[in-house]
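Colleague: Following the hints, position chain B against chain A.
The chain contents come next:
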Amino acid sequence: MQDWLFLIPFIPFCSSILLMLFAGRINTLATSLLGVGSLAVSAVLTLLVGLEFYQQGAQSWQQSLFTWLELDGASIGFSLYLDQLSMLMMGVVCGVGFLIHWYAAAYMASDPHMPRFFAYMNLFVAAMLVLVLADNLVLLYLGWEGVGLCSFLLIGFWQQEKANARGARKAFVVTRIGDTALMLGLLMLFDLFASLSIGDILTQVPQLGVSNLDQKLLWICLLLLGGAVGKSAQLPLQTWLPDAMAGPTPVSALIHAATMVTAGVYLIARLHPLYLQVPLALEIVAWVGALTLVLAGLAALMQSDIKRVLAYSTMSQIGYMFLGLGVMAFDAAIFHLMTHAFFKALLFLCAGSIILKLHHQQDIFKMGGLARQLPKTSGLFLLGLLALVAVPGSAGFFSKEAILAGAWQASNPMLWYLGLFGALLTSLYSFRLYFLVCLGTPSFKGKTQDYGAASHFMLPLWILGGLALAGGYMAPQLAAVLPASPLEHPDLLAMWLPVGLALVGLLLAWWWFGPAKPPQPSTAAWAALLKDGLGFDRLYETLFTRPLLWFSRLNRRDGFDQLTWLMVWLNLNIHRLGTLTQNGQLRWYLAVMLAGGILMLGGLLWWR
Amino acid sequence: MVALSLLLFLPLILGILAWGAERVRAGSANYMSLAGLGLLLVFFLSLQAESHLKLVWFARFNVYFSLYLDGLAQLMILLTLLLAVLAVLVSWREIRSNRGFFHFNLMFSLSGIIGVFLARDLFLFFLCWEVMLLPMTALILIWGHEGRRYAAFKFFIFTQASSLLMLIAIIGLALAQLSASGQYSFDMQALAKLDLPMASQWWLMLGFFIAFAVKLPCVPLHTWLPDAHTQAPTAGSVLLAGILLKTGAYGFIRILMPLFPEAAQAFSPLAVSLGVFSILYGALMAFSQNDFKRLVAYSSISHMGFILLALFSWHPLALQGAVLTMVAHGISSAALFCIAGMLQQRLHSRELSKMGGLWSSAPKMAALTLVFVMAGIGMPGLANFNGELLSLLGSYKIFPIHAMLAALAIIGSALYGLHLFQRAFQGPANQQVVDLDKRELTFCLLLLLALVYFGLQPQSLLQISEPWLQQLGQIATQVVRP
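Protein sequences appear in the order of chains A and B.
Heads up: the first sequence at position 472 corresponds to 472 in this note's numbering, and the numbers run straight through without jumps.
Position in the second sequence counted from 1, then plus 1000, gives you this note's numbering.
Don't read these hints as lab results, they were simulated from the structure.
A quick note: this is a predicted structure, and the numbers were derived from the prediction, not measured.
Mixed in with the good hints, there may be bad ones.
[Unchecked claim] From the derived model, a few chain A residues whose C-beta atoms are all more than 12 Å from chain B:
(1) G379
(2) G535
(3) S552
[What the hints assert, rightly or not] Dumping the calculated PhoX-like pairs for lysine-lysine here, alpha-carbon to alpha-carbon at most 25 Å:
(4) A:K162 to B:K1354
(5) B:K1364 to A:K162
(6) B:K1397 to A:K216
[To be verified] Just some of the chain A residues that point at chain B, by a computed CB distance under 10 Å:
(7) E145
(8) Q160
(9) I177
Note that CB positions come from ideal geometry on N, CA and C, so glycine has one too.
So that you can see chain A by itself, here it is in the shape it has in the complex:
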């Protein structure tokens, strides 16, 4: 069974190629069958491989397909590597991916470009699977770039709109900055270890002498972190994620919530032995996470677009994962990655249903009262929000608790405080969202109808809802790959403080945004700043975009080319001077001849 591992990414890849080839020639049903069916097959295969994997005691296992590159004897191949970590990631990608595909088949059914949509989605899943299964960093980079490309294509899926194309470009370019850092990290790793196989590198790490390599390892860790923050939308490369919401909502659920954006977390968890050698790098990872989770939480408070609230919330939750990684609670971070995939996918898909029902209305101030009109969707939405807020018993509770427990034991108490503050913010923006969208009086015209329970839309939502509830009891076993996080729990106060803060958030949200208040966006300057994502966009625009555009406009004609023109000008002028002497007048020629003769004679006399 395990020999079928390669089929899991290969089947979506083939279906993507088929869909591209037959785009425009197959109908909606065939498209759905191919697009969703391939994912279903992959999910079933994942289940079968997973069963066998755990039956055999979770032994890590490798499958080599073919050689790709020979790097001075260190060969790089298309080889897949299965251990507890990649097994879990594969499960999340295929499982959640399948549910989202299923939902998307209904969501996109009326779109004329549906085959293209599913071609991209399947290609994305294939690339993501390559990313998590890669046994070497070059193959991982292939998956890494592949998911970036698919993200670009899917954000700009409705490409006639200029804004969508702009969002897509921004996502691609900003993540590519991170990719450059990752590539630089690969260069340094290869220089140090003479190999790019993950296994080789990780086995060599403990044998490294610490002394003078420290600096180099620190740089490597920071560069890899650079790649991770680009993909995972963390400070300072977080600006692309809110604009990525231009894509269809299932795309946001799959790529920008459940899978791709967590690739950075996976990368660091996968290479954690490197980070364990350099405590400073881990501390930086923790701080990146802590700052992002607070800043994104603040920004989420003032958004008026339902998808942008969720985007900032995703950023903030990934901040928690980075915080977990940074305080060495690696398994907690991966646990949160999994539960977050469940409840955030649920939230996005519910949001998608709401948006569709309200005829592409995304402004939460123009919603309201949906709990009565769309009881099931609203109920599931609330369920997702409760898991996001980490209400005891929900999936988010267990994983976030584990991360905060790790932060509690970190050397710097500030990290824990930031994590707590983030919990308050999470609760605040989540309930604000719920109150504005689902309670109060409707601020939209027209009637919406709820779906029948058997509709395509609902089934994946129910499953995801179940996972958002029960996911917390499925704590992944990662002991063979990741070091266990500190086991002893913090004292009772520290453990229940986040829950208490969530309650405070609920009360504050009721106070500020409850149904008693008229729904209207705040117009204060600070609110505008928060809505803008704290002005990072504007900062980067003045620092980078504008100078670049200014220079490219200035130098459009290529300064070096002007040097050639200088030569041309010189030649032309010499030519003109030369022709001036030949004006056809005899007296001029005579005078010049005479002058020349005198000059020569005079010169002769002078020199003598």
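Modeller: Same frame as chain A, but now just chain B:
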């Protein structure tokens, strides 16, 4: 093996035949060239590597008609022939006036290019170097676009002036050989053994360097390229970008580095810096263009910078990377120029601002362009990535700072690549165009397959060129780094 010389002369004969055929029956030149190239390809594939031919030419100066076919030359000639087929296919309908003469010029420059790859005698090398220049100038001058005169003259003057420097260096080498052994020699192998004092080695090396750097091209000697590429007919752009630029790189590998190893090593920090500067400057300039072909032309400068960086860092991995980049860029840039040509035929414009939203009317073309752009910006799994990866991995070991700066091209290429793709194919639809027809689809798909195949199996290319690269590596180890 006399058959080797046929490689040189057959394209020429073919060109004359095609010219004649067109006079007899209009439109037959296309078929004539295509069939001839097909036969030539079969003939070429039947030749074995490591075959050589040496005939006395000017006995008094020890000039030989000396050809040598090794793996590297085989690789480059194969690429040349395939791209020549592409050039014929892409100008099938584009060229209407003087078609016979067009094919004659195409084939004439082809035989020059093949000669450059085969020659083992510097005199012959120089002759072929000039032979490939003249018909190319004619192609631009006669069948080019609106600014063709300017572009053709610029191309001619740049290459002519720089090859004059090479000629001086060649004569200097022959004279040095005369004073060392009492005989002239133009034979590359003999000259490689010549032990020159550093000062003269330095100056002679510089002569070759400038000639090859103009051809490559390397900033600041690049300004002929955007004009020539933009104004040339599509077939000319394909040959220019696909092959002619590679003759510069080939010159470095085949002549400059083995002949002047010490001077090249001493010069390498500067050469590598120029390479990195080309990479970044080319990417930046590509980003600021509004003309489809001009953008691709500047991106070529950026890619050629990688070759310069890789070659002069002289690390075995980087050398492999340079060869891979040569082939990969040959395919990907030729593909993009084909797209540009097809768009120009349909829209009568290359302005990106006049395009936009073409995906809706030409989805096949858009999807293929996307793949070609992605290949150009180094998407793993397509051919260009391997070359860039190996170049960076190798050069990092020798020039870490330079390699790190060069890696910034990952961002720069994303900027210009998306600029190109999005301006032409996304956004609101300004224009309607006809999608690819069968002929166009066929060669685009073949290019795509080549990019994917070499992207996943680069080893097949490296095995062919391995012997010469090993030889270069050995030379490098004998030279003490300054």
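Colleague: Any of the earlier hints contradicted here, and which numbers?
Modeller: 3
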